[in-house]
Structures are given as structure tokens and as C-alpha cells.
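Novice: Line order of the protein sequences matches chains Y and W. Each step along the first sequence adds one to the number in my numbering, with nothing skipped, and position 89 is 89. Each step along the second sequence adds one to the number in my numbering, with nothing skipped, and position 72 is 72.
Read the hints as simulated data drawn from the structure, not as lab findings. Do not take every clue at face value.
Capping the alpha-carbon separation at 20 Å, the derived lysine to any residue pairs in SDA-like fashion look like this [what the hints assert, rightly or not]: (1) Y:K251 with W:Y259; (2) Y:K89 with W:L34; (3) Y:K41 with Y:I210; (4) W:K73 with Y:H124; (5) Y:K251 with W:K73.
Label-pair restraints from in silico Cβ distances [said to hold, decoys possible]: (6) W:D78 with Y:P192: 48 to 58 Å; (7) W:V70 with Y:G42: 54 to 64 Å; (8) W:E260 with Y:S90: 45 to 55 Å; (9) W:D243 with Y:G38: 37 to 47 Å; (10) W:V105 with Y:G276: 55 to 65 Å; (11) Y:T198 with W:D88: 54 to 64 Å.
Backbone N, C-alpha and C define an ideal beta-carbon position, used for all residues, glycine too.
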Amino acid sequence: MGEALLWLGPALVLILGVVVYPAITLFATSFGTYSITGLRKGSAGFDNYVNFLTSPDLGQVMWNTLVWVVVVVVLTIVIGLGLAQFLSKSFFGRRFVRWAVIVPWAAALVISSQLFRLMYDYYHGIINHVLLALGIIHTPIDWLGDSRFVMPSMILVGVFVSLPFTAYLFVAGLNAIPADVYEAARIDGATPWQTYRTITLPLLRPAILIGVVLNMIYVFNSFPVIWILNGSNPGVGNDTMITYMYKLAFKSGDHDIGMSAAAGIFNVLIILIAVGIYLRFVNWRQGDKA
Amino acid sequence: MTTSSSTRPSVLASARVIPRRRLRGWANARRFVLPLGGLAVILVFVSPYLVMLLDALRPNGEVLATPPAVLPKTWTFDAFVAVIGDTDFQNWLKTSLIVALSATVIVILVAIPAAYFTARFSFRGRVIFLGLVVVTQMFAPTSLVVGIYREFYDLGLINTYGALILTDAAFNIAFALWILQGFFAAIPKEIEEAAALDGSGRFGTLMRVMLPLTLPGIVTAVTFTFIAAWNEYVVALTLIQDDALKPLTVGINSYVTAYEQNWAEMFAASLIAIVPVVILFALIEKHLVGGLTAGAVK
Numbered sequence: 001m002g003e004a005l006l007w008l009g010p011a012l013v014l015i016l017g018v019v020v021y022p023a024i025t026l027f028a029t030s031f032g033t034y035s036i037t038g039l040r041k042g043s044a045g046f047d048n049y050v051n052f053l054t055s056p057d058l059g060q061v062m063w064n065t066l067v068w069v070v071v072v073v074v075l076t077i078v079i080g081l082g083l084a085q086f087l088s089k090s091f092f093g094r095r096f097v098r099w100a101v102i103v104p105w106a107a108a109l110v111i112s113s114q115l116f117r118l119m120y121d122y123y124h125g126i127i128n129h130v131l132l133a134l135g136i137i138h139t140p141i142d143w144l145g146d147s148r149f150v151m152p153s154m155i156l157v158g159v160f161v162s163l164p165f166t167a168y169l170f171v172a173g174l175n176a177i178p179a180d181v182y183e184a185a186r187i188d189g190a191t192p193w194q195t196y197r198t199i200t201l202p203l204l205r206p207a208i209l210i211g212v213v214l215n216m217i218y219v220f221n222s223f224p225v226i227w228i229l230n231g232s233n234p235g236v237g238n239d240t241m242i243t244y245m246y247k248l249a250f251k252s253g254d255h256d257i258g259m260s261a262a263a264g265i266f267n268v269l270i271i272l273i274a275v276g277i278y279l280r281f282v283n284w285r286q287g288d289k290a
Numbered sequence: 001m002t003t004s005s006s007t008r009p010s011v012l013a014s015a016r017v018i019p020r021r022r023l024r025g026w027a028n029a030r031r032f033v034l035p036l037g038g039l040a041v042i043l044v045f046v047s048p049y050l051v052m053l054l055d056a057l058r059p060n061g062e063v064l065a066t067p068p069a070v071l072p073k074t075w076t077f078d079a080f081v082a083v084i085g086d087t088d089f090q091n092w093l094k095t096s097l098i099v100a101l102s103a104t105v106i107v108i109l110v111a112i113p114a115a116y117f118t119a120r121f122s123f124r125g126r127v128i129f130l131g132l133v134v135v136t137q138m139f140a141p142t143s144l145v146v147g148i149y150r151e152f153y154d155l156g157l158i159n160t161y162g163a164l165i166l167t168d169a170a171f172n173i174a175f176a177l178w179i180l181q182g183f184f185a186a187i188p189k190e191i192e193e194a195a196a197l198d199g200s201g202r203f204g205t206l207m208r209v210m211l212p213l214t215l216p217g218i219v220t221a222v223t224f225t226f227i228a229a230w231n232e233y234v235v236a237l238t239l240i241q242d243d244a245l246k247p248l249t250v251g252i253n254s255y256v257t258a259y260e261q262n263w264a265e266m267f268a269a270s271l272i273a274i275v276p277v278v279i280l281f282a283l284i285e286k287h288l289v290g291g292l293t294a295g296a297v298k
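Just chain Y, with the same shape it has in the complex (with noise of 0.2 Å):
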């Protein structure tokens, strides 16, 4: 015990005091009300809870959030099997596109979303400038402003900067395939459709169940690609439950810190339960194959 502490020590050290300890202060914070400025006025018992999750807002963000998270991870883990399939062949300038797909990862997310905002503007963007040059559409969209685009716009950006990680992710899954399970299955005769649904697929997934709970996880927890593309619209209409709980304890006209920490702990519990069930449905999956 002595020897293990020394060896993990630090480590222990640096995640109860940053990451374990800001978790049980914001639990704390929660039960408490809170002065503008941020000193504690005193308890508040449940009623940041109750106001939390009586909040008129609550049900909007709810299904945004819903819809935000599904949609960029199940685009993001199929394109990203497609593209590291790609990735994975060899040909002609194929390092060109490996470091290609490199650049939205290392662009910072707030770096690549100013840049989506500029290029989704109704009036200088380039996005609508081409698609009318080409015909596809006759009148500007206001792609950030028309509630109808917004949240679309938004889950393109978002499976754009999600699917870096993820083909890499699912590149290295299938370099740790043997080549010879596909020597195996030529001289059996399989399509390649067959060989791709029978052995790269079951093989690929601890890759594939890595990359949907680090997504799932990354995704519901993005912050920027959100607060800026959303930046300029009134009202919760298009934040999810992350942006929605900044703004109540930073943006909204009063600040309300324990009402946030509330919705803290409901975001916390949420993403735990989400990746748990997963997880649980993935198992049981694999069992009624055995």
C-alpha cells in the first residue's frame, strides 16, 4: 500500500484536488444561494433543483441536446468507419490525406467555429455565396440566425471536428486486425461486403465502442462549436444542456451560480448514465450473440 502510493500519488494527488474536489464544491454549490457576485447568502435546501427542473426552458434544451449529441456521433462513427477504411488502403499520395484529415483536429474548436461562423454569414459567407453561384439555392439562408438551420448548421461543424479523432481512432483499430483473417476469408470466396460485415466489423469493435463513449462523452460536452456558432441568438432556442448551464450561472441577468451547479450535477449524472447504459446494451448485445 505504502509502495502503491508512492508510484500513484501525484496522480491521486491531481485528480481528488481538481477534479474530484471542484465536483463535491459544485455539489455543495448547488444547495445554496448565491449573491450576484458569487458569496453564499446561505442554504437553498432543494430549491435550485426544483427551479432547475421546473424551468420552462428545460424541455427545449432537453430535446436539442438530445438531437445535438445522436446525430454528430451516429454521423460521426459511420463516416469515420468509411473514411478510415479509405485511410487504410494504399495508393498514391495517401500520407497527403492522412494529414489532411489532421488539420480540423489540430485547429483549436474555437478556431474552426469563428471560421464556420464567417463562412455561414448571410451576407459575406462564402457558403451562401457558392450555393447560389451554383444554382442550389435562390435566396441567401441565414443559416445561423433561421431557427430551422441553425441547429443543422451547428451538427456539421460538429461531425467536422469530430471526425479526425475518430477515423484515427478506427485506423488504428484496423491495423490491429491480422492480415491474415482476410487471407482466410478470400480463399473462402467472400464478397467484399461479407468479409467487411463477418470479420472487420466484429474485429473493429473495441475501437468502434471506444470511439462512440469518447464521443459521446467529447460531444455532449462540447462548449465552443455551440456558444459561437449560437453566440448571436437570443434565448436558450439552440443550446444544449452545457451552453444552457454556463449561461445561467455567467450570462443571464442574475447569475444564478447554485441554480448552475445544479444543472451541473444533472449534466454529470446524465453523461454517466448515457455511457452506462451504452455500455450495458453493447454487453448484452455481445451475450445474446455467445
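With chain Y's structure known, arrange chain W on it following the hints.
Specialist: This is chain W only, laid out in the frame that chain Y set:
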């Protein structure tokens, strides 16, 4: 995608004839189709940043023209010159470098011994420790930001590099530990035992024998931590109010506000921040795939 057949030549020789013939047409076509597909992928991933570059190379007034033009009418480096000479920008760059480098060094220093120990030894509390690490992976600083703000407020660390370094380090330990543990677990015990017989202590074995073997894993962990810290936004947005101490991710937003829309300078600043990271990433791309293969997905 060609596979070695030296082990079973006789079986393969007869079995290959039929599919080979059928595939010859595709084999010829793929020499052109695949590189063309590659070009399309490159365009999809790079063209937005090409738009960024073209906007950084024209006068700001032209960025805000309606309708926009794809190529600049006037080519100019003014935005780059202005940004490089801007003391605010220099400060933001400095903060980003200090914070990302420090956090990365801390993560590697604390994750290596922890990963090695948990991969190699069973001890009381091992399961609890690993459980704690998994849960940390799910806690993003974003959802805890109110708690983080209150902690550093109480400690008097609002507006300090330290607060950002500690946060970035703590939240990235989990991933680094997980990758490195995969590497340590994959190294045969015999190698270590041989080193122990030669008289190396546990620490000496780790440093001289194990670390060189886990180099791809370390490269992967370093890259992920550095990128995560370099890109961190929400904690810095909340904890740093002093303009001179902001990192790039927060600072650059002040080029485009309700009062002033200097897109050309924002993009010039962004490119200065992106290009070194892309190059770094490209250089280690091979290790990255190898690191993920051995550390994460096996």
C-alpha cells in the same frame, strides 16, 4: 493491402486464380480512383482553412464584402504584420505555450509511474484507483466549471497560469494513463525480469528498459495532452479575466466583437496558432496510429 502468402503457398495458388481475374479491371481503375478520392477528402478537410488563409491575406474591408469573392482582389500581409506586432497577441501566445507545455510535462510525469504500477502490480485499492480514472474521463471540465471556478476563487488563483495548468493536467491524466497502461501491459514480463536479474531496481528498470519500449505510447499521450490543453476554452474563459493572461483560444475572439469585426486579423492569428500544431501532428502521425493501436483499441 497485399498480404503475405509465404506460409501457405500451395492452397493459395489454386484459390487465387478466380478472384484475381475478376478483380483485374478494378485493380487498374483503383490506381486512379483512390488518389482522386483522396484529393476529394483533402478538399473537404482543408478547404475551410484555405478560406481562412485567403481571408487573412486580404484587407479586412474585403472580407466583409457582399457578395464575397473567393480570391482576394488585393493580396496583403497586413493582417499578419499587425497581429505579430500586437502585444496582446504575443501575450496570448505566451500563455497558450506556457500552459500547454507545463500541463503536458506534468501529465507525463505523473501518468508514467501510475500506468506502470497499475499495469504490473496488483495491490489493494487498484480497482478503486482505476475506477476513479474512468470516472475522471467522463467528467469534462465543462460540466464542472462552476465547481472549478469556486475552488480557484477560494484559493485566490483566478487570473493565474497555475489554475489553467492544474486543470488541463488533471483532466488529461485519465487518457494518458489509459494509453500508457496498454503499452506497459503489452511488454513481456521476461524483459523486466532479465533487467531485475542484472541488478536494476524497479525505478531503474522502468527508466532504462520499459520507457524506450513505450515511446510510441508516450508520443501519443503527449500529443493528446498538448492538443487538449492548447485547445482548452471554457475554463480559461471563466477563470481568466485579465486580457494579458488569456490564452489564444479566448484572446482571439476579441478581434471580432459587436464593435469591431477584424476577421482578417483573427484569421491571421488563428493560422499562426494552427500551423505549428498541424506540422507537429503530421510529423508524428505514424506514431499516433501505432500508439492508438497498441494502447487503446487492442
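Novice: Mind checking the hinted window 45 to 55 Å against the Cβ distance between E260 of chain W and S90 of chain Y?
Specialist: At roughly 50 Å between Cβ atoms, S90 of chain Y and E260 of chain W fall inside 45 to 55 Å, so the hint holds.
Novice: Next pair to validate is K251 of chain Y with Y259 of chain W; report whether the Cα-Cα distance is within 20 Å.
Specialist: 19 Å, holds
Novice: Does 37 to 47 Å hold as the CB distance between D243 of chain W and G38 of chain Y, or does it fail?
Specialist: 21 Å, violated
Novice: Starting from the range 54 to 64 Å, see whether the pair V70 of chain W and G42 of chain Y falls in it by beta-carbon distance.
Specialist: 60 Å, holds
Novice: Hey, K251 of chain Y versus K73 of chain W, does the alpha-carbon distance stay inside 20 Å?
Specialist: This hinted pair is violated, its Cα atoms lying about 40 Å apart.
Novice: Are the Cα atoms of K73 of chain W and H124 of chain Y separated by 20 Å or less?
Specialist: 15 Å, holds
Novice: K89 of chain Y and L34 of chain W: Cα distance at most 20 Å?
Specialist: 8 Å, holds
Novice: Quick check on a hinted range of 48 to 58 Å for D78 of chain W and P192 of chain Y, using CB atoms only.
Specialist: Holds, since D78 of chain W and P192 of chain Y (Cβ atoms, about 53 Å apart) stay within the stated range.
Novice: With a cut-off of 20 Å on the C-alpha distance, tell me whether K41 of chain Y and I210 of chain Y pass.
Specialist: 43 Å, violated
Novice: Looking only at beta-carbon atoms, does the pair V105 of chain W, G276 of chain Y fall within the given range of 55 to 65 Å?
Specialist: 34 Å, violated
Novice: Tell me if the beta carbons of T198 of chain Y and D88 of chain W are separated by a distance inside 54 to 64 Å.
Specialist: 58 Å, holds
Of the numbered hints listed earlier, those contradicted by the structure are 3, 5, 9, 10.
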